[in-house]
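Participant: Working from the sequences, and respecting the hints, build out all of it.
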Amino acid sequence: MVDSLKEVEFGEELPAFEPDTSLKTGSAFAALIGWGQGMGGRFASHEDAKKEGLPGAMIPGVLSQGYLVAMIHHWAPAADIRKIDTVFRAPVLADDKHTITGVVTDIDEDQGLVELDLTVANEKGETRVFGTATISLPA
Amino acid sequence: MAEEEVDIDIKQARDKFLNQEFDEKVFDIDPDVTAQYARMCGETASRFLDPADPDFQAPPTFVASLSGGRMLPADYPRFGIGMDAGKGVECIAPIRPPVKLVGKTHIHDIYTKTGRSGRMVFTVSRIEFYTEDGKHVANADSRQVMRERG
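Chains L and D, in that order, give the protein sequences. Under this note's numbering, the first residue of the first sequence is numbered 240, with each subsequent residue one higher. Under this note's numbering, the first residue of the second sequence is numbered 440, with each subsequent residue one higher.
Simulated from the structure, these hints should not be mistaken for laboratory data. The beta-carbon is built from N, C-alpha and C at its ideal position, and this holds for glycine as well. Wrong hints could be hidden among the right ones.
Only some residues are given here: those of chain D computed to face chain L with a beta carbon under 7 Å [as the list claims (entries may be wrong)]:
hint : residue
1    : Met479
2    : Cys480
3    : Gly481
4    : Glu482
5    : Ala484
6    : Ser485
7    : Thr500
8    : Ser504
9    : Gly521
10   : Asp523
11   : Gly525
12   : Lys526
13   : Gly527
14   : Val528
15   : Cys530
16   : Ala532
Take a look, some chain D residues computed to stay more than 12 Å from chain L by CB distance [claimed, not checked]:
hint : residue
17   : Phe456
18   : Phe495
19   : Leu511
So these bits of chain L aren't anywhere near chain D, every CB distance computed over 12 Å [claimed, not checked]:
hint : residue
20   : Val247
21   : Ser284
22   : Asp319
23   : Glu348
24   : Glu362
Facilitator: Structure (structure tokens):
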């Protein structure tokens with residue numbers, strides 16, 4: 240766990256994080272943000288998602304983005320997120336196990352900023368979501 | 440990219456739509472909703488989970504889940520079949536529920552990439568979020584890619 244900028248090393252790998260990608264959570268999340276209606280069953284039911292031509296129910300993209308930020312906070316609880324950008328390369332399928340990894344790609348000691356590359360991958364090692372984040376940390 | 444290298448239809452779209460606000464919507468940010476949102480994302484810190492925490496705030500990416508009245512202007516050209524290509528969030532100040540936020544949407548960027556399957560047009564819609572007293576607290580970008588029909 241990191242508390243300050245001086246503890247961060249360039250190239251450091253963040254502890255891997257396994258998010259809750261269960262259908263139950265993905266479905267509840269979609270309902271919470273109002274995506275339960277009008278989006279078919281793509282987040283709520285594997286069967287309904289398959290009817291739409293998907294391989295199974297999906298985890299909402301914004302939930303995947305939220306996982307990335309939670310992972311950063313597990314590593315550095317005092318981190319403030321300045322920017323995060325995510326690219327949805329392929330669906331994160333509900334009920335499949337996924338792992339998030341991250342690495343420190345830049346440190347700006349003058350500004351107190353750290354840049355991170357973050358990846359959500361499935362059990363086959365296939366990247367589903369890629370993200371970059373800029374965070375600030377106490378000196 | 441030099442201006443002369445930009446496709447004519449993209450240049451026309453950029454000239455017409457970039458930075459023109461086309462939607463405004465007020466959002467009531469409920470502390471119970473942001474706390475549930477944070478919990479499902481896997482946050483464990485009290486500042487995101489407990490509305491009684493003196494530093495309670497919405498999780499940083501919460502604004503990415505807020506949709507304006509429309510994502511694109513009514514007369515925006517349909518370059519092809521649209522798909523969600525990604526989302527970005529810029530956090531300017533903590534959002535402390537309960538609070539009302541005003542979301543103002545504009546087209547922030549239009550650009551192309553050409554691959555083996557042809558041209559893809561990317562459109563970035565940005566919602567700028569302000570408190571009711573006008574403080575700018577966050578930006579949320581939605582990147583949509585339209586793959587041109589072959």
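Participant: Hey, does the D/Ser504 contact hint survive, CB to chain L under 7 Å?
Facilitator: holds, 4 Å
Participant: Please verify that hint: D/Ala484, Cβ, nearest Cβ of chain L, below 7 Å or not.
Facilitator: Interface hint status for D/Ala484: holds (6 Å vs cutoff 7 Å).
Participant: Take the shortest C-beta to C-beta distance between D/Gly481 and chain L; is it under 7 Å?
Facilitator: holds, 4 Å
Participant: Should the interface hint for D/Ser485 be scored as holding, given a Cβ-Cβ cut-off of 7 Å against chain L?
Facilitator: Given a least distance of 10 Å, the restraint on D/Ser485 is violated.
Participant: Determine whether the non-interface label on L/Glu348 survives the test: each CB of chain D must be over 12 Å from its CB.
Facilitator: holds, 21 Å
Participant: Under 7 Å is the threshold here; is the Cβ of D/Gly527 close enough to any Cβ of chain L for the hint to stand?
Facilitator: Since chain L brings a Cβ to about 4 Å from D/Gly527, closer than 7 Å, the hint holds.
Participant: Far enough from chain D: is every CB of that chain over 12 Å from the CB of L/Val247?
Facilitator: At roughly 19 Å from the nearest Cβ of chain D, L/Val247 sits farther out than 12 Å, so the non-interface label holds.
Participant: Closer than 7 Å between Cβ atoms is the bar; does D/Ala532 clear it against chain L? Give me holds or violated.
Facilitator: Result: violated, 10 Å to nearest chain L Cβ.
Participant: Determine whether the non-interface label on L/Glu362 survives the test: each CB of chain D must be over 12 Å from its CB.
Facilitator: holds, 18 Å
Participant: For the restraint on D/Met479, tell me whether the closest CB of chain L is nearer than 7 Å.
Facilitator: The hint holds - D/Met479 has a Cβ within 7 Å of chain L, the shortest such distance being about 5 Å.
Participant: Return the status of the interface hint for D/Lys526: holds when the least beta-carbon distance to chain L is below 7 Å, violated otherwise.
Facilitator: holds, 6 Å
Participant: With 12 Å as the threshold, tell me whether D/Phe456 passes as away from chain L on beta-carbon distances.
Facilitator: holds, 22 Å
Violated hints for the displayed structure, listed by number in ascending order: 6, 9, 16 and 22.
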